[in-house]
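> Each chain is listed here by its residues.
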Amino acid sequence: MNNHLRGLREGQGWSQGELAERLEVSRQTVNALETGKYDPSLPLAFRIARLFGQSIESIFLPEN
Amino acid sequence: MNVLARYWNGLSPALQRYYRASLWPSLLLVAMALLHEWATRQPAMAPAWRIAFALGPVLCVGWVFACYLRFLRDCDELERRIELDALAWAGGLGFLGAWAAIFLLDAGVAAWPAKKLAAMLGLLLIVGYVLARALLHRRYP
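Residue numbers (my numbering), protein chains in the order written: chain A, 328 to 391; chain B, 1460 to 1600.
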């Protein structure tokens, strides 16, 4: 799955570590999400969407 | 020292908590294992004490295992996925090793003592877990 997470994070001026703290996950998880190596669970996707004030489908896009 | 501090700071909070929690049971495990070694060299010791000294280290391993289970509940979803994948790999390798040993022993082409075989299977589990975990962490830097 593709996502706009890196752009959203950089738009806020946050480091991966800062975003990880806000989401209560490890920096490793944020990096894996941004590079598309890992798809978040539904609860984490909701936390991300809520943090950036957007809907899940506007942040995460199916690959095709 | 600097390298150690950098390594420690690079760990996730859940892993730091796990290492802190498992420090005492690990130290106790070493102490109990040494006591067990000493007990095996006391031929006049009563069997009840012998059993107690033999099972003491096992209780410590159980304590470490309880810390690990707490860590699994504590860590975030990617970390848990890495841990569960590593455990699955280790379990699979251990299972394969056990079956290979059973069939080789049964075929009469190997004659390993039970103590050595149990130690080898334990080592296979640990090495499998460590290698799988290291590879998975490389995949998710």
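Read the hints as simulated data drawn from the structure, not as lab findings. Each hint should be verified, as a subset may be incorrect.
Computed Cβ-Cβ distance ranges for the label pairs, DEER-style [as the list claims (entries may be wrong)]:
1. A:ASN329 <-> B:TYR1527: 52 to 60 angstroms
2. A:GLY344 <-> B:LEU1486: 26 to 34 angstroms
3. A:ASN329 <-> B:ASP1565: 46 to 54 angstroms
4. B:TRP1571 <-> A:GLU384: 53 to 61 angstroms
5. B:VAL1589 <-> A:GLU345: 39 to 47 angstroms
6. A:ASN329 <-> B:LEU1486: 46 to 54 angstroms
7. B:ALA1593 <-> A:GLU337: 51 to 59 angstroms
Where is the CB? At the ideal position from N, CA and C, for every residue including glycine.
> All hints are to be evaluated individually against the structure, with a verdict given for each.
Here's how the hints hold up against the structure:
1. A:ASN329 <-> B:TYR1527: 52 to 60 angstroms: This hint is violated: roughly 35 angstroms between Cβ atoms.
2. A:GLY344 <-> B:LEU1486: 26 to 34 angstroms: holds (32 angstroms)
3. A:ASN329 <-> B:ASP1565: 46 to 54 angstroms: At 53 angstroms between Cβs, range holds.
4. B:TRP1571 <-> A:GLU384: 53 to 61 angstroms: holds (58 angstroms)
5. B:VAL1589 <-> A:GLU345: 39 to 47 angstroms: violated (31 angstroms)
6. A:ASN329 <-> B:LEU1486: 46 to 54 angstroms: For LEU1486 of chain B against ASN329 of chain A, whose Cβ atoms are near 48 angstroms apart, the range 46 to 54 angstroms holds.
7. B:ALA1593 <-> A:GLU337: 51 to 59 angstroms: Distance hint for ALA1593 of chain B, GLU337 of chain A is violated at roughly 30 angstroms.
In the structure shown, a violation is registered for the earlier hints numbered 1, 5, 7, in ascending order.
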